[in-house]
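Asker: Those protein sequences? They're chains B and L, same order as listed. Under the numbering used here, read the first sequence as residues 108 to 507, first letter to last. Under the numbering used here, read the second sequence as residues 108 to 507, first letter to last.
These are computed hints drawn from the structure, not numbers from a lab. There may be inaccurate statements among the hints.
One copy or two, it doesn't matter: identical chains are merged, so the pair holds either way.
Below, a list of computed lysine to aspartate or glutamate pairs in the EDC-like style, where the Cα atoms sit at most 16 Å apart [as the list claims (entries may be wrong)]:
{"hint": "1", "residue 1": "Lys194", "residue 2": "Glu163"}
{"hint": "2", "residue 1": "Lys505", "residue 2": "Glu467"}
{"hint": "3", "residue 1": "Lys160", "residue 2": "Glu124"}
{"hint": "4", "residue 1": "Lys249", "residue 2": "Glu230"}
{"hint": "5", "residue 1": "Lys342", "residue 2": "Asp281"}
2 protein chains.
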Amino acid sequence: MGLIVQKFGGSSVADAERVMNVARIVTDTYKKGNDVVVVVSAQGDTTDDLIAKQMEINPKARKRERDMLLAAGEQVSIALLAMAIQKLGYQAISLLGWQAGFQTTSTHTSARIKNVDGTRIKEELDQGKIVVVAGFQGINRKEDITTLGRGGSDTSAVAIAAALHADLCQIFTDVEGVYTADPRKVKNAIKLKEISYDEMLELATLGAQVLNNRSVEMAKKYGIELEVLSSLTNKPGTIVKEKPKMEKMIISGVAKDCDIARISIKGIPNEPGFAFKVFSKLSAKDINVDIIIQSVGTDDTKDIAFTVALDKGQEAIDILKANQDSLGFRDIRLHTNVAKISIVGAGMESHAGVATKMFEALYNNNVNIQMIATSEIKVSVLISKDDADRAVAAIHDKFF
Amino acid sequence: MGLIVQKFGGSSVADAERVMNVARIVTDTYKKGNDVVVVVSAQGDTTDDLIAKQMEINPKARKRERDMLLAAGEQVSIALLAMAIQKLGYQAISLLGWQAGFQTTSTHTSARIKNVDGTRIKEELDQGKIVVVAGFQGINRKEDITTLGRGGSDTSAVAIAAALHADLCQIFTDVEGVYTADPRKVKNAIKLKEISYDEMLELATLGAQVLNNRSVEMAKKYGIELEVLSSLTNKPGTIVKEKPKMEKMIISGVAKDCDIARISIKGIPNEPGFAFKVFSKLSAKDINVDIIIQSVGTDDTKDIAFTVALDKGQEAIDILKANQDSLGFRDIRLHTNVAKISIVGAGMESHAGVATKMFEALYNNNVNIQMIATSEIKVSVLISKDDADRAVAAIHDKFF
Chain B
108 MGLIVQKFGG
118 SSVADAERVM
128 NVARIVTDTY
138 KKGNDVVVVV
148 SAQGDTTDDL
158 IAKQMEINPK
168 ARKRERDMLL
178 AAGEQVSIAL
188 LAMAIQKLGY
198 QAISLLGWQA
208 GFQTTSTHTS
218 ARIKNVDGTR
228 IKEELDQGKI
238 VVVAGFQGIN
248 RKEDITTLGR
258 GGSDTSAVAI
268 AAALHADLCQ
278 IFTDVEGVYT
288 ADPRKVKNAI
298 KLKEISYDEM
308 LELATLGAQV
318 LNNRSVEMAK
328 KYGIELEVLS
338 SLTNKPGTIV
348 KEKPKMEKMI
358 ISGVAKDCDI
368 ARISIKGIPN
378 EPGFAFKVFS
388 KLSAKDINVD
398 IIIQSVGTDD
408 TKDIAFTVAL
418 DKGQEAIDIL
428 KANQDSLGFR
438 DIRLHTNVAK
448 ISIVGAGMES
458 HAGVATKMFE
468 ALYNNNVNIQ
478 MIATSEIKVS
488 VLISKDDADR
498 AVAAIHDKFF
Chain L
108 MGLIVQKFGG
118 SSVADAERVM
128 NVARIVTDTY
138 KKGNDVVVVV
148 SAQGDTTDDL
158 IAKQMEINPK
168 ARKRERDMLL
178 AAGEQVSIAL
188 LAMAIQKLGY
198 QAISLLGWQA
208 GFQTTSTHTS
218 ARIKNVDGTR
228 IKEELDQGKI
238 VVVAGFQGIN
248 RKEDITTLGR
258 GGSDTSAVAI
268 AAALHADLCQ
278 IFTDVEGVYT
288 ADPRKVKNAI
298 KLKEISYDEM
308 LELATLGAQV
318 LNNRSVEMAK
328 KYGIELEVLS
338 SLTNKPGTIV
348 KEKPKMEKMI
358 ISGVAKDCDI
368 ARISIKGIPN
378 EPGFAFKVFS
388 KLSAKDINVD
398 IIIQSVGTDD
408 TKDIAFTVAL
418 DKGQEAIDIL
428 KANQDSLGFR
438 DIRLHTNVAK
448 ISIVGAGMES
458 HAGVATKMFE
468 ALYNNNVNIQ
478 MIATSEIKVS
488 VLISKDDADR
498 AVAAIHDKFF
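The task is simple: from the sequences and hints, build the whole structure.
Answerer: Written as structure tokens, this is what we have:
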């Protein structure tokens, strides 16, 4: 008995049969005495189809129009899901982002939620209705339609849960929860019962594609309990919360990220300010840098290496090469055949030797480490992409 | 130099090529120094596709959800057209019904426009933008999306023209204007240069599907000059206005309506009030009656016959049969193999014998007349559907 927000992705509502399946999950939750708000994405390939329509006409159209175009996708799926719920004999009403009170910043295609005014949703809940909300979208100050960018529907769901003080926010996906490694790749991967926000954040950042990072950050900020579970099986998933029960596990997962490139710069003059100059040039172009390593090179120069998203690699190289004279380095190179493997776990804070155990697993399997980065609850290594799956399996077997 | 509203139907924006074609027409108008507001319908078969999606899930869903679903169609087409205009190097912005200020009644799927607040459109025009507006849709008092029903985009265009005091409202279709008869059926059909609102109204009511009736009524009320023209040929169309130049034509067109059924009731007690009782029962169920003829039958009873829309025929019969005892008639029958042929023209007011000429054409071609109805500017006859095309051709040749 409480208020539950349930989020379903595009594949969960891809066709009529699946929409009816979601309607059954939603009404089962309602029947147990809960108020239910459902957040859905656009059906299956709708977004891709709409983008293809744009590409045929004008790939460089203004982003405002792209948001207008894409937001039509969720409009279709919320209407269909509300109809499916009505078919099962329950009251349902669909609300677009703006009708559900989503006020965002003005940055089209990657707007951020400023506020969710839950008045309308509450009114509809009070009338006994199941409320179906379009994820991924809102309006800005000018009352123009905005979209939240990748993973935006997760964020929409958590934002509603926060605005309405929901008791639980369930994120339905095509996996049954959060695993210690990708269950499609690692046979012995274990489903976690619980995981902390911070661990989930590290896993999300490190390439585990279960939950969008922004949504976990928001859940942490507002203390919203999340559950990651499958829309296809009727099993409990993984709960994401502040203080999970101790499961005597030192690490909660192994993650792999191949969507990454390494850039190495050699022969840097040994004077202050180089790192600042390099990274400010990149951040001005919205290029985020992940792992950074600086080392003393030969003959009184420095070397620096860092990783960026794979699709930003060439752009980063171009920017820095254009400034080679003023920056004064000797050589710059792009390496795309790399992968980042990470272990995450709140347990490692209090357990010495976790990193060592990871390195040992890699050494035993003859995997060469290019870079290392650590935080309180994670260890990441950069290795050759060819070794990635083998490395994940080896590390996983070492720990679980 | 002025403000022009242009409306394009779904077939005019059916694919990328046609969207670009519309963008060229629009920007050509803009280049001549005009402010341009464009109203578009959903692309080609989009609406039918969306309805098919609903039918798979819940044909009896609430109409509010149906409006939510269908309104997504225009959202896609306005975004794409704005992108196409940008591609040609002009500024464009798309606006949904509610963004463009369309306030409607609450009747979902057939809402009526209460007001168009043109503030946002004017602001965008003032910035030199071409404004692309979603036809067919608006919002009601509760801020729910509504649709205007069949032909609604025409009405949207005229409503904007009225709200903004536009100089001209161009309705682009797949024919080149208003003809004296259906040009696909009658070889000698002549395109009219000008026609009055009233004549256009009669033609629209009588089955000429060029312009939606509500839009002509609204144009007449606010004195908006309409032009009906083709989006595929670059030719002047037909102007619809209050006082067209005399073209020495007595009648302006011959129209055919096969979407009609005749109901005949026999053996009605010869006392007052029968017609009232019958038609109030029908109008309570939203069944509109067109031609009505009452005659004295045999043995002190009356007969009455009237026409209704074809798809309402059986429903009307069922309602009246259910009340046969209280109404006290002897027999009721439905005739669906009928067509209404009409001639329309302001000229006939001052020309005697127009009806006679029509009847003569039918007589010469051996067409039997079942019912006749006349107004100041039209004569309609009901005949067998099998004779319809032959009758239209005969009447047209007699007059033109």
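Asker: Regarding Lys160 and Glu124, is the shortest C-alpha distance of 16 Å or less found within a copy, between copies, in both, or in neither?
Answerer: Result: close only across copies, 11 Å inter versus 26 Å intra.
Asker: Have a look at Lys249 and Glu230 and pick one of within, between, both or neither, based on CA distance no larger than 16 Å.
Answerer: between (25 Å within a copy, 12 Å between copies)
Asker: Checking Lys194 and Glu163: alpha-carbon separation at most 16 Å within a copy, between copies, both or neither?
Answerer: between (38 Å within a copy, 11 Å between copies)
Asker: At 16 Å max between alpha carbons, let me know whether Lys342 reaches Asp281 within a copy, between copies, both or neither.
Answerer: within (12 Å within a copy, 56 Å between copies)
Asker: Classify it for me, Lys505 with Glu467: is the Cα-Cα distance of at most 16 Å met within a copy, between copies, both or neither?
Answerer: For Lys505 and Glu467, only the intra-copy Cα distance (9 Å) is at most 16 Å; the inter-copy one is 100 Å.
Violated hints: none; the structure is consistent with every hint.
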